[in-house]
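Colleague: Sequence:
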Amino acid sequence: MNGKAPGDSTPREDALRLLARREYSRAELVSRLSAKAHGVDAIAECLDALAEQGLQSDARFAESFLRSRIMRGQGPMKIRQELSQRGIERELIHTAFAEAQGDEQGGADWFTLACETLARRFSGPGDTPRERARRERFLAGRGFDFDQVRHALAHAWDDPATED
53 MNGKAPGDST
63 PREDALRLLA
73 RREYSRAELV
83 SRLSAKAHGV
93 DAIAECLDAL
103 AEQGLQSDAR
113 FAESFLRSRI
123 MRGQGPMKIR
133 QELSQRGIER
143 ELIHTAFAEA
153 QGDEQGGADW
163 FTLACETLAR
173 RFSGPGDTPR
183 ERARRERFLA
193 GRGFDFDQVR
203 HALAHAWDDP
213 ATED
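The opening position of the sequence shown corresponds to residue 53 in the numbering used here, with each subsequent residue numbered one higher.
Do not take every clue at face value.
Claimed, not checked - Restricting the straight-line Cα-Cα distance to at most 25 Å, the calculated cross-link-like pairs of lysine to aspartate or glutamate (DMTMM-like) are: (1) K88 - E104; (2) K88 - D100; (3) K130 - D211; (4) K130 - E143; (5) K88 - E75; (6) K130 - E75; (7) K130 - E188; (8) K130 - D199; (9) K130 - E104; (10) K130 - E97; (11) K130 - E141; (12) K130 - D197.
Keep in mind that the hints were calculated from the coordinates and are not lab data.
All figures in this text were calculated on a predicted structure; none of them were measured in a lab.
Whenever a hint applies, use it, and build me the whole structure from the sequences.
Modeller: Structure (structure tokens):
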């Protein structure tokens with residue numbers, strides 16, 4: 053062994069261990085490192101150094117998080133709210149969304165995503181108002197706005213071969 057007690061790790065070691073698994077926002081790392089009883093000053097100093105070295109980036113976290121949530125079929129309202137909860141600044145959220153919209157390979161088309169998500173979950177638009185309301189609630193819960201929900205309900209089961 054290295055002669056250290058199991059709980060004697062530095063904030064940098066703990067942060068790197070976390071970052072090796074996935075991207076974390078600065079706020080998430082502060083929370084996790086604080087739970088390990090590291091001092092506030094030591095955490096701030098460590099995270100500043102990691103950001104300076106390019107090992108932790110809120111912008112990179114936001115882009116990665118956005119991509120993963122799009123792949124799960126979640127809408128823009130829910131993704132924005134979750135990024136906000138994770139301590140990402142409004143400007144970084146806006147930048148991540150702008151880059152996702154402009155992405156040449158599979159940029160975020162929220163209307164298409166709403167259609168795909170709805171068609172994956174339900175076999176048809178529903179015969180009764182109650183069934184249609186259920187589909188609306190499903191998409192709203194996924195974070196799609198009113199226009200996206202309406203578009204999906206109208207077009208989710210369209211035959212792609214008949215469209216131009």
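Colleague: Each hint: holds or not?
Modeller: Verification of the hints:
Simply put, K88 and E104 have alpha-carbon atoms about 23 Å apart, close enough for the 25 Å limit, and the pair holds. Distance restraint check for K88 and D100: the Cα-Cα separation of roughly 18 Å lies within the 25 Å cut-off, and the hinted pair is therefore satisfied. With a C-alpha separation of about 28 Å, the suggested pairing of K130 with D211 is violated against the 25 Å cut-off. Simply put, K130 and E143 have alpha-carbon atoms about 17 Å apart, close enough for the 25 Å limit, and the pair holds.
A C-alpha spacing of about 19 Å is found between K88 and E75, which places the hinted pair at or below 25 Å, so the restraint holds. A C-alpha spacing of about 19 Å is found between K130 and E75, which places the hinted pair at or below 25 Å, so the restraint holds. At roughly 15 Å between alpha-carbon atoms, K130 and E188 fall within 25 Å of each other, so this suggested pair holds. At roughly 15 Å between alpha-carbon atoms, K130 and D199 fall within 25 Å of each other, so this suggested pair holds.
Simply put, K130 and E104 have alpha-carbon atoms about 30 Å apart, too far for the 25 Å limit, and the pair is violated. In summary, the hint linking K130 to E97 is not supported, as the alpha carbons are separated by about 32 Å, beyond the 25 Å threshold. Taking the CA atoms of K130 and E141, the gap is near 15 Å; set against the 25 Å cutoff, the hint holds. A C-alpha spacing of about 10 Å is found between K130 and D197, which places the hinted pair at or below 25 Å, so the restraint holds.
Hint check: violations occur at hints 3, 9, 10; the rest are consistent with the structure.
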